[in-house]
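Chemist: With the sequences and hints as input, model every part of the structure.
Number of protein chains: 2
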Amino acid sequence: MSEQGTGVNKWKCTIAYDGSAYAGFQRQPNAVTIQGQLETVLERMHRHPVQVVGSGRTDAGVHARGQVVHFESNLSLDEKAWIKALNTQLPADIRILHAEKVPAAFHARHDVRSKQYRYFIYHAPVHSPFVRHYSWHVPVPLDITRMQEAGCVLEGTHDFTAFSSAKTEIKDKVRTIERLEVQVHSPASGSNSSQTMLADLPVQVTTHKESTEGKLITVICTGTGFLYNMVRIIVGTLIEVGKGKKSPKEVERALRERDRDLAGPTAPPQGLFLWDVFYE
Amino acid sequence: MSEQGTGVNKWKCTIAYDGSAYAGFQRQPNAVTIQGQLETVLERMHRHPVQVVGSGRTDAGVHARGQVVHFESNLSLDEKAWIKALNTQLPADIRILHAEKVPAAFHARHDVRSKQYRYFIYHAPVHSPFVRHYSWHVPVPLDITRMQEAGCVLEGTHDFTAFSSAKTEIKDKVRTIERLEVQVHSPASGSNSSQTMLADLPVQVTTHKESTEGKLITVICTGTGFLYNMVRIIVGTLIEVGKGKKSPKEVERALRERDRDLAGPTAPPQGLFLWDVFYE
Numbered sequence: 004m005s006e007q008g009t010g011v012n013k014w015k016c017t018i019a020y021d022g023s024a025y026a027g028f029q030r031q032p033n034a035v036t037i038q039g040q041l042e043t044v045l046e047r048m049h050r051h052p053v054q055v056v057g058s059g060r061t062d063a064g065v066h067a068r069g070q071v072v073h074f075e076s077n078l079s080l081d082e083k084a085w086i087k088a089l090n091t092q093l094p095a096d097i098r099i100l101h102a103e104k105v106p107a108a109f110h111a112r113h114d115v116r117s118k119q120y121r122y123f124i125y126h127a128p129v130h131s132p133f134v135r136h137y138s139w140h141v142p143v144p145l146d147i148t149r150m151q152e153a154g155c156v157l158e159g160t161h162d163f164t165a166f167s168s169a170k171t172e173i174k175d176k177v178r179t180i181e182r183l184e185v186q187v188h189s190p191a192s193g194s195n196s197s198q199t200m201l202a203d204l205p206v207q208v209t210t211h212k213e214s215t216e217g218k219l220i221t222v223i224c225t226g227t228g229f230l231y232n233m234v235r236i237i238v239g240t241l242i243e244v245g246k247g248k249k250s251p252k253e254v255e256r257a258l259r260e261r262d263r264d265l266a267g268p269t270a271p272p273q274g275l276f277l278w279d280v281f282y283e
Numbered sequence: 004m005s006e007q008g009t010g011v012n013k014w015k016c017t018i019a020y021d022g023s024a025y026a027g028f029q030r031q032p033n034a035v036t037i038q039g040q041l042e043t044v045l046e047r048m049h050r051h052p053v054q055v056v057g058s059g060r061t062d063a064g065v066h067a068r069g070q071v072v073h074f075e076s077n078l079s080l081d082e083k084a085w086i087k088a089l090n091t092q093l094p095a096d097i098r099i100l101h102a103e104k105v106p107a108a109f110h111a112r113h114d115v116r117s118k119q120y121r122y123f124i125y126h127a128p129v130h131s132p133f134v135r136h137y138s139w140h141v142p143v144p145l146d147i148t149r150m151q152e153a154g155c156v157l158e159g160t161h162d163f164t165a166f167s168s169a170k171t172e173i174k175d176k177v178r179t180i181e182r183l184e185v186q187v188h189s190p191a192s193g194s195n196s197s198q199t200m201l202a203d204l205p206v207q208v209t210t211h212k213e214s215t216e217g218k219l220i221t222v223i224c225t226g227t228g229f230l231y232n233m234v235r236i237i238v239g240t241l242i243e244v245g246k247g248k249k250s251p252k253e254v255e256r257a258l259r260e261r262d263r264d265l266a267g268p269t270a271p272p273q274g275l276f277l278w279d280v281f282y283e
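Those protein sequence lines, which keep their order, are chains L and B.
Quick note: the first sequence uses the numbering used here, first residue 4, plus one each step.
Quick note: the second sequence uses the numbering used here, first residue 4, plus one each step.
The hints are simulated quantities; they were obtained by calculation from the structure and are not laboratory data.
Be aware that a few hints might be false.
[Stated by the list, open to error] Restraint ranges, calculated between C-beta atoms of paired labels, are given here:
(1) His113/L with Gln92/B: 49 to 59 Å
(2) Thr171/L with Ser79/B: 45 to 55 Å
(3) Tyr231/L with Ala169/B: 27 to 37 Å
Bear in mind the structure is a predicted one, so any value in this text is a computation, not a measurement.
Glycine included, every Cβ here is placed at the ideal spot set by N, Cα and C.
Modeler: Set out below in structure tokens:
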């Protein structure tokens, strides 16, 4: 871990974080943020401020499995040393998974080709105490097939005005969703419970044999760009469809008429994960 | 939800809890406990103290997927109403999964036939922020086959003095482990990542493709009775074996010589779950 001033290098890091305790990714005055934590550690290491650039923001309470950031440094640490040095100083709810030296031209936000978000819904009469910070508890019956139909309506290139927060100042609301999938994992339906890997995971724990059956519903959304609150409004809308309060046709109409009021409510933040960021 | 004084019924409840915030299951003065939380809610409902009897204690920080308790009540609620009434008043980290009326002779502790504990080890260079409260992070290489061999040594009926806390006052330390299994789930080795259910779960999140490979190791221990700290000392010992610091033969010797010093350290509480309690 030699620290020599041998020129400036650009570093790309892949980061996982539990967003529960944070006011979101982006640095803000008087609030604890992911970017703020990273920059505090980097400033301590460099004895001067170091700017961290993320692939994009995540909201308060939203998590990341694979957020990507870049920063510049004159410290000559190798990849393993960066991972170790940062993880030692960061709180346990933010972990550096990977670090690599990248060309000076790399930009964590500008160079994004697409992103994947995943939203987890815990669909059982009683919530699991173990995934309460990582999923949305929906205890009422849901028609998954209708949710999948509505999901298909949203795939492709559309004006997503109806599925974005009114707070957005961006004018162009045309975005492309490459893939929108609604998956259901039912632990109880496993061929052999001792063979089902799910049964061994803490997240499965409330699907106890004596409990009424629980399911984990995952909404996987991959796209080239996302508007403010877009994934959470999509999920809130899909749940309305699943409950029978909206039809896939009405989702199509919301999209066509660009009417936020025709879409569903914004799903809560704790079920959302920035899952992966893809570059060229 | 009629509340009539039509005699006293005995109720059996299956409970899941996240033990992170608690000083253990058993009621203690000046400490927040699972039993204390349950009794507080029941006293509020009954306007008189109601004793909760659990299948056994769990230590501070230890979780339960399927703890079982019983209590007596003169309220005439049905099963669904009990689940709803208790969950509404309990904190989100304690959930009633199931309630059923049982014969007056049922006893949650005396009638236990066997119990299953599961201990989760997160085996990867970097810990997952999402399972940090539900697993033990072991970042060093482990020989799983040797751990499995050592596990076999412990199966059967033995004097487990070497694997119990010196604090125990119980004289008879002979117990029977019906099953001791060391399982490994490697998400990266799944046949098809999009088919692997594991890949969709929050607990999987640090096994990001750019991260060095991570594994979840589960120690499943089923037995008719357990001594204080027994599972955690067994897991601590198995990890010593996995690291190469002890051999399966030395585990056999610890057992035979009933010497606590020959066994390994006590594994931390957060990886341990009381998974299931079995009755006749």
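Chemist: Next step is simple, just say for each hint if it's right about the structure.
Modeler: Checked hints:
| no. | hint | result |
| --- | --- | --- |
| 1 | His113/L with Gln92/B: 49 to 59 Å | holds, 51 Å |
| 2 | Thr171/L with Ser79/B: 45 to 55 Å | holds, 54 Å |
| 3 | Tyr231/L with Ala169/B: 27 to 37 Å | violated, 58 Å |
Hint 3 from the list above is the single one not met by this structure.
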